[in-house]
Each structure stands twice: as structure tokens, then as C-alpha cells.
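Q: Take a look at the letters that make up each chain.
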Amino acid sequence: MATDTETNTLVAFVRERAVLIALGLFVALLVADLFRKLGTGALTAASLAGFVKDGTVLGLSLGLAGIGLAMTYSILNFANFAHGDYITVGGVVGWITAFLVTGLGSFEAQPLVLLRASSRTLGISVTTAPVAIFLGLVVSVVVTAGLALLIDRIVFRPMRGQRGIALLIASVGVALAVRYLLVFTLQTGPRGLTAGQATPSWDLPVGGGSVTITAHEATLAVLAVALMIGTHVLLRYTTFGTAMRAMADNEDLAQVSGIPTERVIRTTWLLGAGLTGAAGFLIALERGALTMSFGWQLLLLVFAAVILGGIGSVYGAMVGGLVIGLASRLSLVWLPESFIIAAAFVVMIVMLLVRPQGLLGGVTTV
Amino acid sequence: MSARVDDGMAAVSEWFDGRSDAALLLVLAVGLYALFTGVSLVLGYDLGGIVNTLRRITFLSAIYAMLVLALNLQWGYTGLFNLGVAGFMAVGVYTMGMLSTAPTTNPPGLGLPLPIGILGGVIAAALVGAVASLPALRLRGDYLAIVTLAFSEIVRLTYRSPVFETFSVAGLSLGTGGSTGMSLPTNPIRILFYENSQEVTSPPSAFGEAVFGTFEAIGVRAPVVEGTAYAIVLLFVVAGVYALLRRVGNSPFGRVLKAIREDETVAGALGKDTRLFKVKVFALGCGLMGLAAILWRIGGLASTADFRPITTFYVFVALIIGGAGSNTGSVVGGAVFASLLFEGPNFVRRVVTQYVDIGIGQTPSTIFEAVGPLASLDVTPLLAYTISDVNVSALRLVLLGVVLIYLIQNRPEGLLGHRTETAASVDLSERPGGEDR
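As you go down the protein sequences, you meet chains A and B in turn.
Using numbering that gives the first Met the number 0, read the first sequence as starting at 0 and increasing by one per residue.
Using numbering that gives the first Met the number 0, read the second sequence as starting at 0 and increasing by one per residue.
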């Protein structure tokens, strides 16, 4: 009799968490297969370490780019499809600045502004042109934040209080207008930015092989972590942070408590878009190249990171970014390269099924 | 300015209200045809050129009308925000291609008859839609949007992957052509005009010979005749889809859909399995998107570049112009979008090139060369830069973005959206004998 009840409880337990258990088994299978591959030598420790490193770098990029999205998502309650193009704007204006600072005087100004000057001749890297990189970062933050405020004033502010879907559609319009104005002024085509091969790098020995880490990957990683910690401190220990969390929780209650909601929204845009601009600049630095649509192409992955972490959670965006980054790069162990993006999307969809509130859901913007 | 545009749209939609839908569509068609005939005359086209212009407008309008009707069923009727339109279109086209292209071509297909291919494509798109809807429908609006968009990208990346460029299943070789795309079976309209419709080099049949001869005499060449006949057939297909959706909308099934849109909890409380209804509606809408895409690409090339998310946004803009919720509005939106927003800028470019002497090779290649001469009050370089091929395409998308923002801010109901199909089978706003009377 007792065992009967126990079996029933077990059956109920399994039934309730069928998807989760299936998922757990699948992951366990993958891990086992990973060890088998390492054991048989089908996969070397060095290439696995390479995947992990690439995944971490991508994950930190996505996490950094995702904080701004998570912040505006939690305050304004809409998925901002223009976010990817804010990333692009940050990258483009930051790099125009870096090009001008490095090349003005010895090169013609026009190709520098159009990012058409030869990146090899300019030879920008963190070690050769730290001032140019720093100024580029500052300009990308300032310009992107300014642009976001301007667009909020023209597009989103008249629509306050409308449904998320209406705002989402408006943001698609913003995305198209911003991206193709960039294309109109600067023209399409990839632009080389950094010194490429000449960038300093270190080889770390890993089980018979080695993993190369470039100075730009290291820069991105260090700055991304620093900016994330900075954001956390800001949101945790300042009045603005408290006001923002209160608004994310319950906007009406925040308003009757005397929180100046419009000012909080403006500050959120400034902060969020500033971080986004920095992310755009640093991602372009790490990749050594950009196109006028690189932010848009990242957008779905950034969404994946933010959703995975739980919308509105800044920590979530960081954790989600790392999970998505690692998942997409580690998928190379089993899948051909043409599927790495698709793999990241699948992870997001599965995650939404199993835990729609996100990994750190319930924890709103901390 | 903005207020005037708004007044204008309000006046147009008010005028529409007093007319029957058929009259409305007729006026729209006559208006667009007159406009584009006028533009063609300005451009100095001969009769063949004019017919070809009208053919292109008709063709694109019909395709977009079908896509918008399908999306309207999901969003306008049921409130499902599907951002994966392009992906479901791709499933339809690629399935049709893989079923019906000859096994000898590269990439190879199964060589099945075209009707089976088309039916297979539509069913595949519907099934994929149903499967995609299972997880997606548990999510709230904006998650659904992101998941469907991600889903359409998964579909596109899969078709583009070199892994499926050619592959074999059970000894049969198939392929998507990867990033180069796949050539699709010839247009079925050729059956009318050619002895062997599947051969590109086939001589015309007796009927084809007669028709081509007649039109050749007045300056309309054979491919234009063929294309025009196909565009006319498409208009009938649109009418069929319209009738189908109208029937669905007015059926008890349709009333449940509208109830879900208004308040899903209430619909559920009335004992309706709302999830099942949503899955069905998703499948039907996606199947129709697959059909529209097949009719769009057939006789040409299927390429993953045509199924980027921008295609989805095109359909959304068209739906918002027409007004979500109204079938007639969907057709109007599709036609207005395709002819004015999609094709219009190219015609503006041609007209400007006709009247402004730019000089061969004088188009500035950078914005600096274009803006610099403004200092000496010379606007020609800027104009030349603006209307160059690539820049018109860029500005067209800027315009699209601005139109989208404008509409959603000022007129989210579009031209005809205020006539949203009512959820009740009788008009509840009129209360015979009530106090209002």
C-alpha cells in the first residue's frame, strides 16, 4: 500500500516535469558524449578549450549588450527591436572617432570618416593606440545615449502607456530607419578596423595544444565584467537604482510614491543605451571588423540572452549571455559551423518552454 | 502637416465606409492603374512597357494581399503576433521545390507533378506552423514575437546550410542548393501557351502562337503576355483566399477566434479549448503564407535571401496600412504597400533620372562628394547620390520605418481597421428598444 502511494507520487513527479527530465537526460547524454570524444581523441582538449574561450567572449559581448535591453524592457515593458541598431551606431561612431584620432594629419579625413581607410596602414590596437580606443569608447557611449534619448522623445514618449506590441512595432520602424540611414550615409560593405594579425596575443598551453587569446578579447572581457559590476553597484546602491527597481516592480505605485517616472525613464535610456554603445564599440574591437547590420544580426542572440536570464534582470542578462555564448560555440562539437546560430535559438526556445520566467526569473532588476 | 495627413486618412476611410467592399477595391485598382499608366507615359514607355508595369504592380499586389490576409487571420482575428512569416513562406517554397524539381537538375528534386508539389508545400508550411505554435502559444505576446522570429531564422539558416545543399533520404537525392538557392519548376501558366510547359525552349502551342501573334502586333511581347495572364490568375486566387477567410471568419469557428482576441480567459471559461483553436489558426495562416510564397517564387529561384526577417516586416507594414482585423483592409493594404511603398520609390527614381541631367558616371560615390557642392548651391550631385540604385533601396527602407512609426502612433487602426470584424454574430452596439434610441 505504502509503496503504491510512493509509485503514484513518483509518476506524478515525472509527469509534471516530463520536459525538464527529458532535457536533463539529453544534457547528460551530451556531456557523456563529450567525454567519450575527448577520450577517443575525436576532440582535442585544446579545441574544446578554444570553443569555451570563444563562447565566453561571445557570451560576455551578449551579456554587456543585453544589460541595456533588460533595463528598458523592465521599465517600459516592450521588446525594443531597435536595440541591435543602437549597438551598430555605437560601433560605427566609436570607430569613426578612433580612426580620426589615429589617422588625422597623416591621412585624408574623408576615408577616415567613412571607415574606408586601410585598417592595416592605420594599425589600431589597444597597445598601439590606447588613447584612440579610449576616446572611441567615450564617444560611442555619449552618442548612443543621446540618440536613444532623441528617439525616445520622438517615438516612444508619445506612446507611453500603450501596449507592448504597439511599442514593439514602433521599435521595428526605428530599427529600419536608423540602420538604413547609416547605410545611406556610409554605404554597405564590411569595414576592417584593427591591425588584425599585428594585435598582440598570448598562447596558453592546454593539454598538448594551445589556446590563443588576443589582447582585444582580453580587453572586451575585462571591460565587460567591469561595466557589469559598475551597473550592479549603481542599481543596488543609488537612489536612481532604487527608483528604477520600484518602477520595474509596479509603475503606478512608484508614481504615487513620488518617484519622477519620466526622469527615471530618461536616466534608464541614458544608462542602458550608453552601455549598449560601449558594447557595440567593444564587440567591433574584438572582431576587428564591422558592417552596418552587425548589431541587427546580434539582436536575436541578445534577446535570447535576456530572455534566458529572465527579462528585466541585469544579472540574468549576464548569465544568459554566457549560457547562449557557450551553447552556440560548444555546439560546434556536434554540429557543423552553419548551425551555431540556430543552436543558440533552439536553446532559447527550449528554455522558454521549460522556464518561461528565465533562469533568474522572479529576481527583477537588481 | 501630420494632422493634415491624419485628416486625409480619416477622410479616405470615412469615404470607404459609405461604399461596398467591391466598389472600394475597384476604385483602388482603377486609381493605382491610372497612376502607374500615367507614370509609364511620363517615362515614355510603349504599350508593351505600360502593360509590363501594370503586370508587375498586379503581381506584387496580389502576392502581398494573400500574405496579409493570412497574417490578418492570425493577428487581426486571433491576436497572435507571428513574426515568423518569412520562415513559413520558405518552408512552402522549399518543400514545393524539393518535391517538384526534376531529379536531373542541380540541386536535384523528386520530380513529382507540380500540383502535388504545391499541395505538399502548403501542407508542410501548415504542419510546421502547427508544430511551431505548440510551444509558441504558451507564451505572451512579445515572447511569441521573438520566438517566431527566431524560428524563422532557424528555418532560413537550415535551408542555407551547406549540409542540406544536396542530401539523400532513402536513396533519393534532394537538395536546397544552400546559399546559391534552387531553381524552381516553370510557371504553370505556361501550360496555356506552350506545347511542353516544362521545357524553357518549348515552341508555343497553336493557342499560344495565336495569342502571342495578336499581342506582338500591338507591341506586347510573349513574356509580358505570359506574365500578365499569370497576374490575372493570381487575382482570382486572392479572391478565393478572401472568400475562404470570410467564410472562416463568419463561421462559429471564426467567432471563437474573435472571442480569443477580445478576452482569452472568457473564451476559455465558455468551454472553448482556446489552445486548439490557436493551433488550427496558426496552421491555416501558415499554410496560406506557404501558398502565397510558392505563387510568388514559382518559375524563378528560391533563395534564402528572400526569406530574411525584412520580408516579414513588409507584410506587417502592409497589414498595418490596411488595418488589422479587416479582410478588405488586408487586400487594400497589400496593394497599397506593394505598389506605392515597395515599387513607388523605383518609379520616382526613374522619373527623376528622366528629368535631371546627371551625366554618365557623374553619380557621386560618397556622401561627401554629394554634400560638398551644396556649398556652391549645386544640388544635382546630392540628388544624383540620393536616387542612385543602392541609395533608393536604402531610403525606401528608411521610409518604411518612418511610415510604420507614423501609423502606429497616429493611426494604429490603418485605413479600414476601425471596421474590425465584430466578435458577436449580431451587432451589439445597436440596441433596438434600448435607452440610447
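One or more hints might be untrue.
[Unchecked claim] Stretch by stretch, here's where chain A covers chain B in the computed footprint (C-beta under 8 Å, at least three residues):
| hint | stretch |
| --- | --- |
| 1 | 59-66 |
| 2 | 159-166 |
| 3 | 312-320 |
| 4 | 382-394 |
Bear in mind the hints are in silico, worked out from the structure with no lab data behind them.
Predicted model, so just to flag it, every value in this text is computed and none were measured.
All C-beta atoms in this analysis are idealised placements derived from N, C-alpha and C, irrespective of residue type, glycine included.
Q: Confirm or reject each hint.
A: Do the hints match the structure? See the list:
1. 59-66: violated (count 0)
2. 159-166: Result for this restraint: holds, n = 4.
3. 312-320: Answer holds; 3 residues pass the 8 Å Cβ test.
4. 382-394: holds (count 4)
When held up to the earlier numbered hints, the structure conflicts with hint 1 and nothing else.
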